[in-house]
Amino acid sequence: DAGVIQSPRHEVTEMGQEVTLRCKPISGHNSLFWYRQTMMRGLELLIYFNNNVPIDDSGMPEDRFSAKMPNASFSTLKIQPSEPRDSAVYFCASSLSVPKNYEQYFGPGTRLTVT
Amino acid sequence: GIQVEQSPPDLILQEGANSTLRCNFSDSVNNLQWFHQNPWGQLINLFYIPSGTKQNGRLSATTVATERYSLLYISSSQTTDSGVYFCAVAAPSGGYNKLIFGAGTRLAVHP
Numbered sequence: 006d007a008g009v010i011q012s013p014r015h016e017v018t019e020m021g022q023e024v025t026l027r028c029k030p031i032s033g034h035n036s037l038f039w040y041r042q043t044m045m046r047g048l049e050l051l052i053y054f055n056n057n058v059p060i061d062d063s064g065m066p067e068d069r070f071s072a073k074m075p076n077a078s079f080s081t082l083k084i085q086p087s088e089p090r091d092s093a094v095y096f097c098a099s100s101l102s103v104p105k106n107y108e109q110y111f112g113p114g115t116r117l118t119v120t
Numbered sequence: 006g007i008q009v010e011q012s013p014p015d016l017i018l019q020e021g022a023n024s025t026l027r028c029n030f031s032d033s034v035n036n037l038q039w040f041h042q043n044p045w046g047q048l049i050n051l052f053y054i055p056s057g058t059k060q061n062g063r064l065s066a067t068t069v070a071t072e073r074y075s076l077l078y079i080s081s082s083q084t085t086d087s088g089v090y091f092c093a094v095a096a097p098s099g100g101y102n103k104l105i106f107g108a109g110t111r112l113a114v115h116p
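Sequences listed follow chains A and B, in order. The opening position of the first sequence corresponds to residue 6 in our numbering, with each subsequent residue numbered one higher. The opening position of the second sequence corresponds to residue 6 in our numbering, with each subsequent residue numbered one higher.
Looking at chain B on its own, in the form it has when it is part of the complex:
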C-alpha cells in the first residue's frame, strides 16, 4: 500500500518563528489532507489539498502531486500552534476515501 512519511518528527520553535513541515508519499494520490491534533486530542482540518496551493491566515500548504510531496508552512508561530500535525492521503487504488495517515510532526512552540 501507499507509504506516507512526514518530517521532521519533532520540532521546537520560539514564538514568532516560521517553519515548514513536509509530507512525502509513495504513489499518486487523489486526496490529501493536513490536520492539526491539538493537546486535547481534537483533529482539526487545516487543508484539503490534493494539488496546488492554498492559504489560510498564517498557514499555507502546497502539494506537488507529480513529485509526490506536500508542504505545510506555518508563519509567525504561536503557542496555540503546538500539537501534532498529520498528513493523510488516499490513493486511487483505494478510492478517494481510504485515508492513510503519516506518523505526524510533533510541534512545540515556546513563548
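If we strip away everything but chain A, and leave its shape as in the complex, we get:
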C-alpha cells in the first residue's frame, strides 16, 4: 500500500508568490494533518481534518495560510503571499482514527525555501 504522498518534494519561490503544497493520504484513512518543521520551533501541528472537515486550525500561523480538503484523497496547504520566514519542511500525515488506533503516518515532506 502506498504511503502518504506529497508534492512537490522541493519548492523554491520568491517572496510574495503563492505556494501550494499537495497531499494524498493513505487510502482509507479518515484524518489528515499538516505539520511544519523548523529549527527554531521543531515539529508543530498547523491544522487537521477529520472526514474532510477542518477540526482544529489553531496552529495556522497567519491568514496567509489556508488549507482545504475537497475529498478524502486530496488536501492542499496554500501560502499567499509567501515570506522568507515560511521556509521550512511541511509534512502531511494521515491516520485511521478509530478507537485505540490513532497512529499517524507521515509523508516525505515538502522542503519550502522562500527567497
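Since the hints were derived computationally from the structure, they do not count as laboratory data. Hints are not guaranteed to be accurate.
Listing some non-contacts, in silico: residues in chain B with all C-beta distances to chain A over 10 Å [what the hints assert, rightly or not]:
(1) Ser12
(2) Asp15
(3) Glu20
(4) Ala22
(5) Asn29
(6) Gln60
(7) Asn61
(8) Ser81
Okay, the calculated beta carbon distance ranges per label pair [what the hints assert, rightly or not]:
(9) B/Pro44 to A/Arg27: 20 to 30 Å
(10) B/Ser81 to A/Asn35: 33 to 43 Å
(11) B/Ser80 to A/Asn57: 39 to 49 Å
(12) A/Arg14 to B/Thr85: 17 to 27 Å
(13) B/Lys59 to A/Glu19: 41 to 51 Å
(14) A/Thr25 to B/Trp45: 18 to 28 Å
(15) A/Lys105 to B/Gly46: 26 to 36 Å
(16) A/Glu19 to B/Gln83: 38 to 48 Å
Virtual Cβ for every residue (Gly too), placed ideally from N, Cα, C.
Fit chain B to the given chain A structure using the hints.
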C-alpha cells in the same frame, strides 16, 4: 498545554552499544508515538504505545502512563540507527489526534 521533554538531547554511541531514550510528559495522554527521523528527513514510525511494552527487533518501548514517561530502548546499535528520535503525545483535552512533539534526541552511531 502539555509539555514533552526528551533526554538526552544528544547521544553518541559506538556500533554495538545499547541505549535508552526517555520521554517525560506533563499530563495524562491517550496517544504516544515514537518516530525516527533519518538523515534524509523521513519520519519513520517506530511505536504507537500509549501504554504498555512493545518490541520490534532491536528496538523496544515502554510507556508508564500513570507516571508520565516513556522509554525507547535500542540494543546493538548500528550506523543506520543514526538520526533524531522524536516522542509525540496527544492529551485527552486535545483529542486523540493533536500530537505534541518533543525536541528530539539526536543519535550518532559510529562504526
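Consistency of the hints with the structure:
1. Ser12: holds, 15 Å
2. Asp15: Answer for B/Asp15: holds, closest chain A Cβ roughly 15 Å.
3. Glu20: holds, 27 Å
4. Ala22: holds, 27 Å
5. Asn29: For B/Asn29, whose nearest Cβ neighbour in chain A is about 16 Å away, the distance exceeds 10 Å, so it holds.
6. Gln60: The claim stands: B/Gln60 keeps its Cβ more than 10 Å from every Cβ of chain A (closest is about 17 Å).
7. Asn61: holds, 13 Å
8. Ser81: Consistent with the label, B/Ser81 stays out of reach of chain A, its closest Cβ about 26 Å off (over 10 Å).
9. B/Pro44 to A/Arg27: 20 to 30 Å: holds, 25 Å
10. B/Ser81 to A/Asn35: 33 to 43 Å: Cβ of B/Ser81 to Cβ of A/Asn35: about 38 Å, so the range 33 to 43 Å holds.
11. B/Ser80 to A/Asn57: 39 to 49 Å: Taking Cβ atoms as reference, B/Ser80 and A/Asn57 lie about 42 Å apart, which means the hint holds.
12. A/Arg14 to B/Thr85: 17 to 27 Å: 22 Å Cβ-Cβ, so the 17 to 27 Å window holds.
13. B/Lys59 to A/Glu19: 41 to 51 Å: holds, 47 Å
14. A/Thr25 to B/Trp45: 18 to 28 Å: Taking Cβ atoms as reference, A/Thr25 and B/Trp45 lie about 24 Å apart, which means the hint holds.
15. A/Lys105 to B/Gly46: 26 to 36 Å: holds, 30 Å
16. A/Glu19 to B/Gln83: 38 to 48 Å: holds, 42 Å
Going through the hint list in order, the structure satisfies each hint without exception.
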